[in-house]
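There are 6 protein chains.
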Amino acid sequence: MARIDGRANDQLRPLELTPGIHKFAEGSCLVRCGNTVVICTASVEERTPPHVPEGEGWVTAEYSMLPRANRERSRRDISKLKLAPRSAEIQRLIGRALRACVDRKKLGERTVTIDCDVLQGDGGTRTASVTGGYVALSCALHNLVERGVLAELPLTTCVAAVSAGLVGDELLLDLCYEEDSAAQVDLNCVMNGAGELIELQATGEGRAFTVEEQRTLVDLCARGIREIQAIQRAALGG
Amino acid sequence: MARIDGRANDQLRPLELTPGIHKFAEGSCLVRCGNTVVICTASVEERTPPHVPEGEGWVTAEYSMLPRANRERSRRDISKLKLAPRSAEIQRLIGRALRACVDRKKLGERTVTIDCDVLQGDGGTRTASVTGGYVALSCALHNLVERGVLAELPLTTCVAAVSAGLVGDELLLDLCYEEDSAAQVDLNCVMNGAGELIELQATGEGRAFTVEEQRTLVDLCARGIREIQAIQRAALGG
Amino acid sequence: MARIDGRANDQLRPLELTPGIHKFAEGSCLVRCGNTVVICTASVEERTPPHVPEGEGWVTAEYSMLPRANRERSRRDISKLKLAPRSAEIQRLIGRALRACVDRKKLGERTVTIDCDVLQGDGGTRTASVTGGYVALSCALHNLVERGVLAELPLTTCVAAVSAGLVGDELLLDLCYEEDSAAQVDLNCVMNGAGELIELQATGEGRAFTVEEQRTLVDLCARGIREIQAIQRAALGG
Amino acid sequence: MARIDGRANDQLRPLELTPGIHKFAEGSCLVRCGNTVVICTASVEERTPPHVPEGEGWVTAEYSMLPRANRERSRRDISKLKLAPRSAEIQRLIGRALRACVDRKKLGERTVTIDCDVLQGDGGTRTASVTGGYVALSCALHNLVERGVLAELPLTTCVAAVSAGLVGDELLLDLCYEEDSAAQVDLNCVMNGAGELIELQATGEGRAFTVEEQRTLVDLCARGIREIQAIQRAALGG
Amino acid sequence: MARIDGRANDQLRPLELTPGIHKFAEGSCLVRCGNTVVICTASVEERTPPHVPEGEGWVTAEYSMLPRANRERSRRDISKLKLAPRSAEIQRLIGRALRACVDRKKLGERTVTIDCDVLQGDGGTRTASVTGGYVALSCALHNLVERGVLAELPLTTCVAAVSAGLVGDELLLDLCYEEDSAAQVDLNCVMNGAGELIELQATGEGRAFTVEEQRTLVDLCARGIREIQAIQRAALGG
Amino acid sequence: MARIDGRANDQLRPLELTPGIHKFAEGSCLVRCGNTVVICTASVEERTPPHVPEGEGWVTAEYSMLPRANRERSRRDISKLKLAPRSAEIQRLIGRALRACVDRKKLGERTVTIDCDVLQGDGGTRTASVTGGYVALSCALHNLVERGVLAELPLTTCVAAVSAGLVGDELLLDLCYEEDSAAQVDLNCVMNGAGELIELQATGEGRAFTVEEQRTLVDLCARGIREIQAIQRAALGG
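Chains as they are written, first to last, in my numbering: chain A, 330 to 567; chain H, 330 to 567; chain F, 330 to 567; chain W, 330 to 567; chain E, 330 to 567; chain X, 330 to 567.
Bound conformation, chain A alone (with noise of 0.2 Å):
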């Protein structure tokens, strides 16, 4: 059964990542990935919030899906006062993710903020933004060092997020709107640069799945996220 795009089921979106799109940030990252489009920038600021320990550093995040990103135009959080739970759920697991490949210590007492902001939604934005929002975070600390503010680079390693998915009886890779919206099975992978997990979220939309399946899906997260890394590396110029 051939995909919607015509890919092989362990075949990634054609993914582009540009770095430097935004004149003011102090990284930014735009992802295309199919159609999905995101932008993602990331401000430093020279505080941390109260729960933060003496002499470390915060790096969170911050998702959002422009009105218009879906097929039909939603309305905004705030004309409903209320932060869509599924973008407080997202942000948590970005700002996770991120968290993981920053040396905390070595950042010193600011915050970076990633902002990832969904222009057009077609499937994997969560995973998108933690992939391009590496890249804006990558691109802060590195201006950051040479500019001078720190000495070397708070980075320990990178991080890129790919999903995967049951979809009848069909493994499938970077799973796109339909074959989101009909997946029986849905994973979501965070990976670091020595292929460990930082975040593995699983559900069973459609059925439940065997701890075998469960398995399956990671290894081919996994083999996804090698390339999405390859690209990070291209694009951050090296």
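I should point out that these hints are in silico values taken from the structure, not numbers from a laboratory.
Keep in mind that a hint or two might mislead.
Just so you know, same-sequence chains aren't split out, so a pair can sit in one copy or run between any two.
[Stated by the list, open to error] Pairs of lysine to aspartate or glutamate residues, derived as DMTMM-like cross-links and limited to a Cα-Cα distance of at most 20 Å, are as follows:
| no. | residue 1 | residue 2 |
| --- | --- | --- |
| 1 | K352 | D334 |
| 2 | K409 | E374 |
| 3 | K352 | E385 |
| 4 | K352 | E507 |
| 5 | K435 | E481 |
| 6 | K411 | E525 |
| 7 | K435 | E534 |
| 8 | K435 | D548 |
| 9 | K352 | D406 |
| 10 | K434 | E534 |
| 11 | K435 | E375 |
| 12 | K352 | D509 |
| 13 | K434 | E383 |
| 14 | K409 | E556 |
If you're wondering where the values come from, they're calculated on a predicted model, not measured in any experiment.
Based on the hints, put chains H, F, W, E and X in the right spot on chain A.
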């Protein structure tokens, strides 16, 4: 290295499930899991939200902590005019988990809302909510059958959840608060009566983790969930 | 005319006060008053709100009903982004009542917050909250003395509350939900250990009432409060 | 000991009730009670809230203080996104008080909303709102009769309110702001045209009070309310 | 074609400015402009918002309509948890207009807040608020000089506002509600004592308008504002 | 005195209008105006808000800045639970401007919502939003005609906007951020295809301005708008 409460690494905390503790709710269950205490009520309403297809029912969950559930008092959501993002994330998980055991066509055009209110929180409140929420839901559905509203019980399986984690180098089942705070890796599992996965969430708070470690943690959870499901069956009188 | 639960007109519902039911709170009390169940916790914080004079402490209360406390499920305040006006009114009453038994200079610059969360509501939740809130507060203040934080107990008296009403032509003490719904006149009384009034609220829901009727209702409450204060003393071990 | 404005202890402040001061509202009344100034408008809408039985009408009230009503400017509710709890409590009182003089069946399926906006607050704003709200309500109901919408006036009695309190050892009627701030005990009374009670609220802010003191304060209010009702009748041209 | 109230096309509505109508506010003015009634109060606070440079003061405005200001009752902002966007826009205009007549260095580190609350709205409420707000502000500043807080009056000019519009083919000054509703083009002008513009807002609600028409409308406003400034001077006793 | 970017005083910034950049929206346009970047999408819904007369359509706009659009990151509206007042004002302007070019009867009972989200803000975001919003709207309306939903294009004219200002003594067209911050007088103009005014807003931020200066600024805008309309026509392929 002994655990703080003297348990073996693969040992659950004492778990008590007391169904029927609420005079008015169609279903209810008080969960005591070590020092974690959650009251779950299931409320049946004869209508469904707009997104639900005609002829089908809906199951949803809300999760909240009483302000003094924890070691420190927290402000109520309403005084901040903001649902705690952690609660938003958890109640979405509980809702997905409990929908996975219900035949929504057999339920018919009604909604069951599972309210999980944490009276005392000592780690594992989300998994205790799934476990107790299932009992409350089951009571409410049996009640609909007994009252003749439904001809047939719309349950397809049972659902339970537990956590496991890496603390230091130990693989521990069913983390209490102190263990959870110190965990390098934290994994939550929801499984059905066949031992299949419904939800899996794993986070490397302190360090990344290998695919192998992830598999071992899931296996540990699987064993715990089998014990929990026996306690659920006993509580439900079967 | 017999009461719905067979009580004499001037008879209280069975009242159980269980202090110390919360592992973390400095003071706590579970109140069961007939089918009304309220959990009261007292939390001590080492700071005061801005309006409190230097050198003095503060006592405040919050009141809320769990969504399924009643016969019908209600939406949570946070989903309406609005504190229920009835809760706003009741928690102001509880706060005033409990401040009336505390020597705020002896308490020193700290705040005791009494959270009253109604698990099950069958009438009289505000008076049960005052009665149980006093027990929780008393526990917390004793705890401060035992821990050596305070040299002297800053309690000046005890505080308890009860309702009475006119249902048909009967003067009834301690109304349950059905009686409260049918009441022509509803009166709530808070009194101290000397039998003096701290708060009095009377409402002619169904008809106006004479000054004479109001006096009789207060006398009825006064007798009930004496019994409640004996139960409070017993619960507090004195 | 002389009162701050030279009144006798049982003397009301000068009270002016000016009906018809609003060009658009169906009923209106400007209340000047000493330095307290409240504008009350009554708005008639041809619908009722969902909880009102078919065939019946509804009377409700909203109360608010202009930001500079008091000696110090306060922030508007909307800038805090929160109805002041004190306003929530007061508008519930006004609503109950005014419903007590209306035959809701005769009113038919319409809602009268009494808005009480305090332009200047010098104590007694809630009782002034009840007193003036009655005049605005009465105007609006007469207007419905004059316009032929109603065949019969749905008023069953009149309603007025006043405060009394214990300041030092003095029993004072109709407390102004300075007296209210210094009061040991503060009591508000709403009465109908037969001198019966509709609402009674008493608070021991500075000390507890005896049942005897409470009775004396109600008697003092009763005498004041008779005078106020004469002023209401005069204002309404009868 | 005669105007609804018989005025000439370039004739203002009767305008009454009554300063000093508020007992507590540092400055105040009641504006009656035809059937439009606005109460303006000026409140002085000895602090400034964070964005104001050290050594300077700030002038800001808030605008709101009482719920029954208009022909139909509106819901209060707080019940919608949302400042009406029209109010947001208008209060920004009033604030800018009034800052234009104050020397903020001479004012020193204090804030004057002008609250404009519309008691009755019959068109022209924003311009009436600017006109009356200036009088309230002027009173408050004189008051600061009289009390010796300021050595010198920090007013640099006076400020007044009026509307004009195209209704049918007529150029009309100072539109009332009916005219405003029917206007093709609506223009608001704020001018200083030298007849210079401070704010200009013109909207083609019903049709576009030529640059020539716009000029004529400004000229019409300029003549009206001269008259209004004479009334302001008279009201301020100069 | 040279402008910061070397333009002549009456010279526009480079303006790029790229229609059709959004895969899902019925109409869209990316606006680049110097360093200002705005994404405009037009969404068509087959319903109208309650205030719109039967048989007519509606055009409305929403405006927002991404949190890092500017030199400094701002908090999102939702985290403050408050639509930024500046955004409230601007989106009302954009909505009025775009309604001015649509025949609402020909549009029929549907709503077109123009979302203007500022990705990068360097001055002139409101005028760029009007200019690009028109292109997105035009695309969406053409789309309705092409799809046979509408028989006839309901556009009556085109709409574009630009700013001008007094900086020092210079009259400058199309202010960038630095110029806008330093401007004494700031004027925004919306005009139709006939060079007639639809909206005019002028503010004397730094000083008042003469009627003559205002006229000159409008003339300057008129010339700029003619150029912008040529770019719009080219972008729309005509």
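As a check of your reading, is K411 near E525 (CA-CA no more than 20 Å) within one copy, between copies, both or neither?
For K411 and E525, the Cα distance exceeds 20 Å both inside one copy (35 Å) and across copies (35 Å).
Query raised in the report: Using 20 Å as the alpha-carbon threshold, which applies to K435 and D548: within, between, both, or neither?
Result: neither (33 Å within a copy, 37 Å between copies)
Item to complete: Tell me, please, which holds for K434 and E534 at an alpha-carbon limit of 20 Å: within, between, both or neither?
Response: between (40 Å within a copy, 16 Å between copies)
At most 20 Å between CA atoms: does that hold for K434 and E383 within a copy, between copies, both, or neither?
Answer is within; shortest intra-copy Cα gap is 9 Å, inter-copy 35 Å.
Problem - Intra- versus inter-subunit Cα pairing at 20 Å for K352 with D334 - result: between (34 Å within a copy, 15 Å between copies)
Checklist entry - From the Cα coordinates, with 20 Å as the cut-off, is the pair K352 and E507 best called within, between, both, or neither? => result Between. Shortest inter-copy distance 15 Å satisfies the 20 Å Cα cut-off; intra-copy 35 Å does not.
Notebook entry, point to check: From the Cα coordinates, with 20 Å as the cut-off, is the pair K352 and D509 best called within, between, both, or neither?
Noted result: Close across copies (18 Å), not inside one copy (34 Å); limit 20 Å.
Checklist line | Alpha-carbon proximity context of K409 and E556, limit 20 Å | finding: neither (39 Å within a copy, 40 Å between copies)
Please sort K409 with E374 into within, between, both or neither, judging by C-alpha distance up to 20 Å. between (29 Å within a copy, 19 Å between copies)
task: Measure nothing new, just compare the shortest in-copy and cross-copy C-alpha distances for K352 and D406 to 20 Å and report within, between, both or neither.
output: neither (26 Å within a copy, 22 Å between copies)
- Task: Have a look at K352 and E385 and pick one of within, between, both or neither, based on CA distance no larger than 20 Å.
- Result: Neither. Shortest intra-copy (28 Å) and inter-copy (33 Å) distances fail the 20 Å Cα cut-off.
Alpha-carbon proximity between K435 and E534, which holds within one copy, between copies, both or neither at 20 Å
between (41 Å within a copy, 18 Å between copies)
In summary, the structure is inconsistent with hints 3, 6, 8, 9, 14 from the numbered list given earlier, while agreeing with the others.
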